[in-house]
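Trainee: Let's have the full structure, built from the sequences with the hints guiding it.
The lines below spell out each chain.
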Amino acid sequence: MAKRSQTALIPDMTHRSVTERIAGLIQDRKAPASWWIAFVISAALALMLLVVLWVVFTTGVGLFGINIPVAWGFPIVNTIWWIGIAHAGTLISAVLLLTRQRWRASINRLAEGMAMFAIACAGLYPLIHLGRPWFFFYLLPYPDTMDLWPQWRSPLVWDFFAISTYLIYTSSFLYLSLLPDFATLRDRAKHRFAQYFYAMLALGWRNSALHWARYEKANQVMAAVAAPIVVSVTGIISLDLAVSIVPGFHFTIFPPYFVAGALFSGFSTVALLAVVMRAMFGLKNLITRSHLDYLGCMMLVFALVVDYAYSQEIFTAFYSGDPNYFNVYYDRWTGPYAPIWWSMIFCNVVLVQLLWFKRVRRSPLALLCLAITSNIGMWLERFQIVFTSTHADFMPSAWDTAWPTTWDWLVYLGTLGLFVFLLMVFVRVAPLVSIHDMRLEIHGSKRHE
Amino acid sequence: MSESSVFGILVRMPSAEALVEATRAAKRAGFRELDAFAPFPVPGLVEALGYRERMIAPLALVLGLIAAAGAFFMQWYASFDYPYVVGGKPLNSWPAFLPITFEVGVLTSVLTAVFGMLIRNGLPRPYHPVFNDRAFDRASSDGFFLLCPGASLVDVETCLEEHDVREIKELAP
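One line per chain: the protein sequences are A and B, in this order. For what it's worth, this note's numbering labels the leading residue of the first sequence as 1, then goes sequentially. For what it's worth, this note's numbering labels the leading residue of the second sequence as 1, then goes sequentially.
Keep in mind that the hints were calculated from the coordinates and are not lab data. Keep in mind the model is a prediction, meaning the values are calculated, not measured. Heads up, the beta-carbon is just placed ideally off N, CA and C, and yes, glycines get one too. No incorrect hints appear here.
Some chain A residues flagged as far from chain B (calculated, every beta-carbon gap over 10 Å):
#1 40
#2 193
#3 253
#4 288
#5 329
#6 350
Result set (SDA-like, lysine to any residue): computed pairs, CA atoms no more than 25 Å apart in a straight line:
#7 B/89 / A/394
#8 B/89 / A/149
#9 A/190 / B/131
Mentor: This is how it looks when you write it as structure tokens:
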């Protein structure tokens, strides 16, 4: 039976054993040493981010390597990168829910948590880039004394709405998925404090069939809007670039190209986290090699879409007959940023072809390496889009090369630390694998026998 | 018996299938305000209770559409309230208004679904009589329970005579 093979679960799991196993990770076991190492390092980096931001806000964004002609630089590169990572989290969870892919149960929580913290990091960058983040509300239609409205035709205003919508969506979806699991933790908790803590979070969830019916309906609505949200958010971010007339930005292929790129890097990150977490917490029965195999397949599919987009972008540039567009490409291949372009091609076009082999997809170590190179590749892609397109546009007198400064790197490092820090706290407070989804999956696989 | 010291009868069943069967039997026997508890959404259980969720999805759609219309109107109104011509484009440049229209509509649907679920479920609700029973903690692990509020122990026992009942007890209010 096709469905049977999808469950990828070991056969002797029961409702009780799976509950004990996953909830026990938080409530009965001390954190492993590797968790402490990751926690301490990431907490230090997150603290460093606070200090760095304080310096940046008191001094000004001049500390960054942004100037004319490259006015967007690192913060935008990193926003797009983080948003992309967030997207696969949403998509894995929601689209696999809608299409009833049963292997989803083991990894959806990881994906949702990842999406939540990646979007938090992504949302930080536009605020930092503003330089004066306390004026961010200028983007909202608030009743001001000057009778002004935001400029509704501006992609930056669209961005603000898209990212805020996505942030609210992601946090609601994550909380919704956590709600029944918080009830499980509440019922298992031994300490008075833990009982109160999880009772607050569970809101009095009673596992009633009526609760579940409404819960499933709400989840279906959430899942149904997930795909449009994912497509619209990255699509709108790509419009920041595509709506301008800058050669290298002004491509109609950008929205679908960015969505595919986002999903590619996102699936890579889920694969990365899945490999790390199953090693850290010993979850080899719950997140099996088959799950890694599926993730590897998804990475390959979206990598191929991205590769196709590269080819079409190059084709469009030369088919346009516009010398400015030719120049962008000659410059990408031979100019000051050429190493970035070729490294990107190596990571995203050459290395990912290894995923055709089942042995590679099923090997945790190989998948981990490919997940890292894919994320580097996707980061380089955003870097070359933002930097090479603007550094040499229409007027040679304005050409210049920009490079990130130490402050750029420190902020980037800081958000990486923040992401890991939030994730590490999350896995000690909330179940790493969705317990109620696993119970349903066990019930389903028993019925198929 | 208005000052009852019993909220209802709580029955524990051995499996999801047995719970669905018992719920059907209790429903047929005419018990009122029945509720069933399981650690995951058991297929067919809520149908056995005679309930179908009809509110959340349509409401999410309707409120989403209203909010989207409102967002479009806001942008349309703003471009005439503060006319600002960019690149010779018309003031009502509606294609540029669509991204925000879409986002606001979708956001409203999402919030409707989440808060609709919470409100229809009566959450947050810190206290409920089922929490009096320590054994009920198993409802979030491997326990399958049927609750008959206001029923008498004897009636429920007679009704579920043929069923594989694991535990049956009175619940304090």
